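Position chain Y against the provided structure of chain A, taking the given hints into account.
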Amino acid sequence: MLLDATILFQIAGIGIITALIHTVLKQVGKEDIAQFVSLVGFIIVLVIVIHHLADLFQQIKSVFLLKGF
Amino acid sequence: MKWIGALILICTTTWIGFDMSNRLGDRTKQIRQFILSLQMIEAEVVYSQLTLQDIFHTVSNKTAYPINEFYRQMTHKLSDVVTDFLDVWDEALNRLMKVSALKKNEQEIIKQFGRSLGQHSSLQQQKHIALAIHHLERELDEALEQRDKYEKMMRSLGVLIGIFIVLILF
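Top to bottom, those sequences are chains A and Y.
When you line the first sequence up against the numbering used here, it's residues -8 to 60, in that order.
When you line the second sequence up against the numbering used here, it's residues 15 to 184, in that order.
The shape of chain A in the complex, shown without the other chains (with noise of 0.2 Å):
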């Protein structure tokens, strides 16, 4: 459960520091380093949630003794 929480928190502070180099790189007018980055956060993060859905279908299949399949 604790684990989970700080999962949440990772992805939120990811989020929030991507959009904050976001508008600073936009206020001085280098547009195109700040949507890279962008996309570079959005990909991290895509990452984190994917392993971790991964860990999720790990576990179904445990629970329905699907293991071998």
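I should point out that these hints are in silico values taken from the structure, not numbers from a laboratory.
Every value quoted in this text rests on a predicted model; they were computed, and no experiment measured them.
Beta carbons: idealized from backbone N, C-alpha and C, even for Gly.
One thing to keep in mind: the hints can contain errors.
[Stated by the list, open to error] SDA-like, lysine to any residue: derived pairs with alpha carbons at most 20 Å apart:
hint : chain 1 : residue 1 : chain 2 : residue 2
1    : Y       : Lys118    : Y       : Glu151
2    : A       : Lys17     : Y       : Gly172
3    : A       : Lys21     : Y       : Ser35
4    : Y       : Lys118    : Y       : Glu159
5    : Y       : Lys163    : A       : Val15
6    : A       : Lys21     : Y       : Gly31
7    : Y       : Lys163    : A       : Leu11
8    : Y       : Lys117    : Y       : Arg161
9    : Y       : Lys16     : A       : Ile2
10   : Y       : Lys16     : Y       : Thr26
11   : A       : Lys17     : A       : Ile7
12   : A       : Lys17     : Y       : Arg169
13   : A       : Lys17     : Y       : Ser170
14   : Y       : Lys166    : A       : Glu22
[What the hints assert, rightly or not] So these bits of chain Y aren't anywhere near chain A, every CB distance computed over 12 Å:
hint : residue
15   : Phe32
16   : Thr65
17   : Tyr79
18   : Asn119
19   : Glu156
Leaving out everything else, chain Y in the frame of chain A:
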């Protein structure tokens, strides 16, 4: 232990950000100092008509680091027998580029100025100095503009990227 590592990481990136923004400010200061030193050379050439070595010596005493180091080195080198003045100038300039925040454009201007030094009458020389000062002032404007634009960005980006990396590694 984890928190100490995170703190060190954030401190490091913050420091890098501040260093980069300081470098932007240093560039404008050093260009200004070089313009000042050129004006001194102009005054010496036109009014006191000393040798180049003596001129460099007085200028090195009146300017701040790292520009004074450049002129001190020139004074030192010119006290030996010199076959090619340009070689000495370029070498001292390369040394200056390593310790200062000056960029390629300024290097080129100073290099071109060295080509004209000691080749002409004092009136012609004065014109060449004025030209070099004019070019450097244009660079100064550009450097000022860049500093105003990117100084704050570098600082905040340093902190933000530090926190970002810490969050990813958490």
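Quiz item: Straight-line Cα separation of Lys163 (chain Y) and Val15 (chain A) no greater than 20 Å?
Solution: holds (11 Å)
Self-check item: Pairwise hint evaluation, Glu151 (chain Y) against Lys118 (chain Y), where the allowed Cα distance is 20 Å at most
Solution: Status holds; Cα separation ~15 Å.
Self-check item: Proposed proximity, Arg161 (chain Y) with Lys117 (chain Y) (alpha carbon, max 20 Å)
Solution: Holds. Lys117 (chain Y) to Arg161 (chain Y) sits at ~14 Å (cutoff 20 Å).
Quiz item: Are Lys16 (chain Y) and Thr26 (chain Y) close enough, with their CA atoms no more than 20 Å apart?
Solution: Measuring from Cα to Cα gives roughly 16 Å; hence the hint holds.
Quiz item: Is the straight-line distance between the alpha-carbon of Lys17 (chain A) and that of Arg169 (chain Y) 20 Å or less?
Solution: Within the cut-off at roughly 15 Å; holds.
Quiz item: If you draw a straight line from the CA of Lys21 (chain A) to the CA of Gly31 (chain Y), is it 20 Å or shorter?
Solution: Distance of about 17 Å is within 20 Å: holds.
Quiz item: Taken at face value, is the distance from the CA of Leu11 (chain A) to the CA of Lys163 (chain Y) at most 20 Å?
Solution: holds (17 Å)
Quiz prompt | Whether Thr65 (chain Y) stays farther than 12 Å from all C-beta atoms of chain A, as the label says | solution = Check passes; 48 Å lies beyond 12 Å.
Quiz prompt | Outside-interface status for Phe32 (chain Y) - nearest CB in chain A farther than 12 Å | solution = Phe32 (chain Y) clear of chain A: closest Cβ-Cβ about 15 Å, beyond 12 Å.
Self-check item: Consistency of the no-contact label for Asn119 (chain Y), given chain A and a CB cut of 12 Å
Solution: Given a closest Cβ separation of 21 Å, the condition holds.
Exercise. Sort out whether Ser170 (chain Y) lies within 20 Å of Lys17 (chain A), counting only the CA atoms.
Key: Between Lys17 (chain A) and Ser170 (chain Y) the Cα gap is close to 13 Å, so the pair holds against 20 Å.
Quiz item: Are the Cα positions of Lys17 (chain A) and Gly172 (chain Y) separated by 20 Å at most?
Solution: holds (16 Å)
Hint check: no violations occur; every hint is consistent with the structure.
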